[in-house]
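Each residue of the sequence shown is one higher than the last, beginning at 1 in the working numbering.
Worth flagging that the hints you see were computed from the coordinates, not collected in a lab. Keep in mind that the hints are not guaranteed to be accurate.
What the hints assert, rightly or not - Here are the computed distance ranges between Cβ atoms for each label pair: (1) Gly248 - Gly300: 18 to 28 Å; (2) Met183 - Pro154: 38 to 48 Å; (3) Ala179 - Gly42: 34 to 44 Å.
C-beta atoms are modelled at their ideal positions from N, C-alpha and C, and glycine is treated no differently.
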Amino acid sequence: MGAAMRRIHVGNALSAFGLGFTVPYLYVYVAQVRGLGAMTAGLVLAVFAVAALIVLPFAGRAIVRRGPLPVLLAALVTAAIGALSLGLSNSAATVLLSASALGAGQAVMQPALATMIVDCSTTETRSRAFATQFFLQNLGLGVGGLIGGHLVDPTEAGSFTLLFSIEAAMFLLLVVVMATVRMPRAPRLTDAPQQSAGASWKQLLGNRAMVQLCVLGFVLFFACYGQFESGLSAYGVEAAGISTSALGTALAANTLVIVIAQFAVLRFVERRKRSRVIASVGLIWAVAWAVAGYAGLGDGSQAMATAAFISTYALFGLGEALLSPTLAPLVADLAPTGMAGQYNSAFALVKQLALAVGPAVGGPMGASLHAPYIVVFLLFSLGITVLAVRLGRQLTEVQNHPSAARSRVVAQSGAAAGQAPAHA
Numbered sequence: 001m002g003a004a005m006r007r008i009h010v011g012n013a014l015s016a017f018g019l020g021f022t023v024p025y026l027y028v029y030v031a032q033v034r035g036l037g038a039m040t041a042g043l044v045l046a047v048f049a050v051a052a053l054i055v056l057p058f059a060g061r062a063i064v065r066r067g068p069l070p071v072l073l074a075a076l077v078t079a080a081i082g083a084l085s086l087g088l089s090n091s092a093a094t095v096l097l098s099a100s101a102l103g104a105g106q107a108v109m110q111p112a113l114a115t116m117i118v119d120c121s122t123t124e125t126r127s128r129a130f131a132t133q134f135f136l137q138n139l140g141l142g143v144g145g146l147i148g149g150h151l152v153d154p155t156e157a158g159s160f161t162l163l164f165s166i167e168a169a170m171f172l173l174l175v176v177v178m179a180t181v182r183m184p185r186a187p188r189l190t191d192a193p194q195q196s197a198g199a200s201w202k203q204l205l206g207n208r209a210m211v212q213l214c215v216l217g218f219v220l221f222f223a224c225y226g227q228f229e230s231g232l233s234a235y236g237v238e239a240a241g242i243s244t245s246a247l248g249t250a251l252a253a254n255t256l257v258i259v260i261a262q263f264a265v266l267r268f269v270e271r272r273k274r275s276r277v278i279a280s281v282g283l284i285w286a287v288a289w290a291v292a293g294y295a296g297l298g299d300g301s302q303a304m305a306t307a308a309f310i311s312t313y314a315l316f317g318l319g320e321a322l323l324s325p326t327l328a329p330l331v332a333d334l335a336p337t338g339m340a341g342q343y344n345s346a347f348a349l350v351k352q353l354a355l356a357v358g359p360a361v362g363g364p365m366g367a368s369l370h371a372p373y374i375v376v377f378l379l380f381s382l383g384i385t386v387l388a389v390r391l392g393r394q395l396t397e398v399q400n401h402p403s404a405a406r407s408r409v410v411a412q413s414g415a416a417a418g419q420a421p422a423h424a
């Protein structure tokens, strides 16, 4: 890794570490510590999603025109202001305004950092770069949540103010770190003829492979991430009788599998077509949902149900480890020159839509419709496999299997070089 990439990865770790301090305790802080009730706490969580949906379409355009670094710095300052004001807020209005600033800043960070990784990597190194990013994000979230859990005291509002202040400090520290990054020269829209925002979105929607990838991404995030802390946890508590401590263990198992498996699966991912890797994730998650079905609908003991439920989260983690070096590099390789920011923002927008719809659909089903919930999401997982196979037909060899295409080019170059003396 070059110096720029090292700073980008430090930035990913710091931002995840800051988020880990507050995200697990946001509901308790708003509803109980500030005494604003469950309704306001629910609105705060919704505001995060709404803010992301509003700013992401504009973020992509800004990244393309101005570059990812200025956009990232603006997002970090906005998130820092939102985090600090959220820790000091004691009314519903100020809490919602602060949450909107924090949510908007967080949302814009994702495509900006992803575009920086694209600009500082090559097709050969991109999968490993995004795998490192995902590894550090999960590690940062886990460590931040662990430390935050020891610092927070539900009876002391000041302890939560401290958490949000630390989060704001992490974002400001990240501003200092990222301001020193020297980005390589990358094509921007300002280098090309002027193009309207509508025309750039029309161009993106005209890319059939990208549209299919967005549909696939929506199903992926809807069937996995959108269920972690809503439908699946509600199903575990109501159908499988899982305790809150066991639920925490399941989430920890998910993170642990990602941290352990992330680099172990890289060789597997790099040697296979990306569409087939994504298809295998659908099959792994189908098995995960079947195991979850056994946990809540089977006739085993409570210990067996708990073990099965924890295994479900671990299997999801294995699938996530396979996706991280696959999805983001594929988005980058589908983007035309200078349009990586637009494509990254579009994919982030799809992710936010799935994360907004997933809990709304899965939460009530997981809590009350136990068997239909498992069947529906098992079918969604199998649908991932089908969509991935169809996507593979739209991709070129370089997009779908860059390492094989590169090896073929090298072999051809070597053959040509070997023929040169004979021709001479």
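We went through each hint and held it up to the structure:
1. Gly248 - Gly300: 18 to 28 Å: Because 22 Å falls inside the window, the suggested range holds.
2. Met183 - Pro154: 38 to 48 Å: Holds: the Cβ-Cβ distance is about 43 Å, inside 38 to 48 Å.
3. Ala179 - Gly42: 34 to 44 Å: holds, 37 Å
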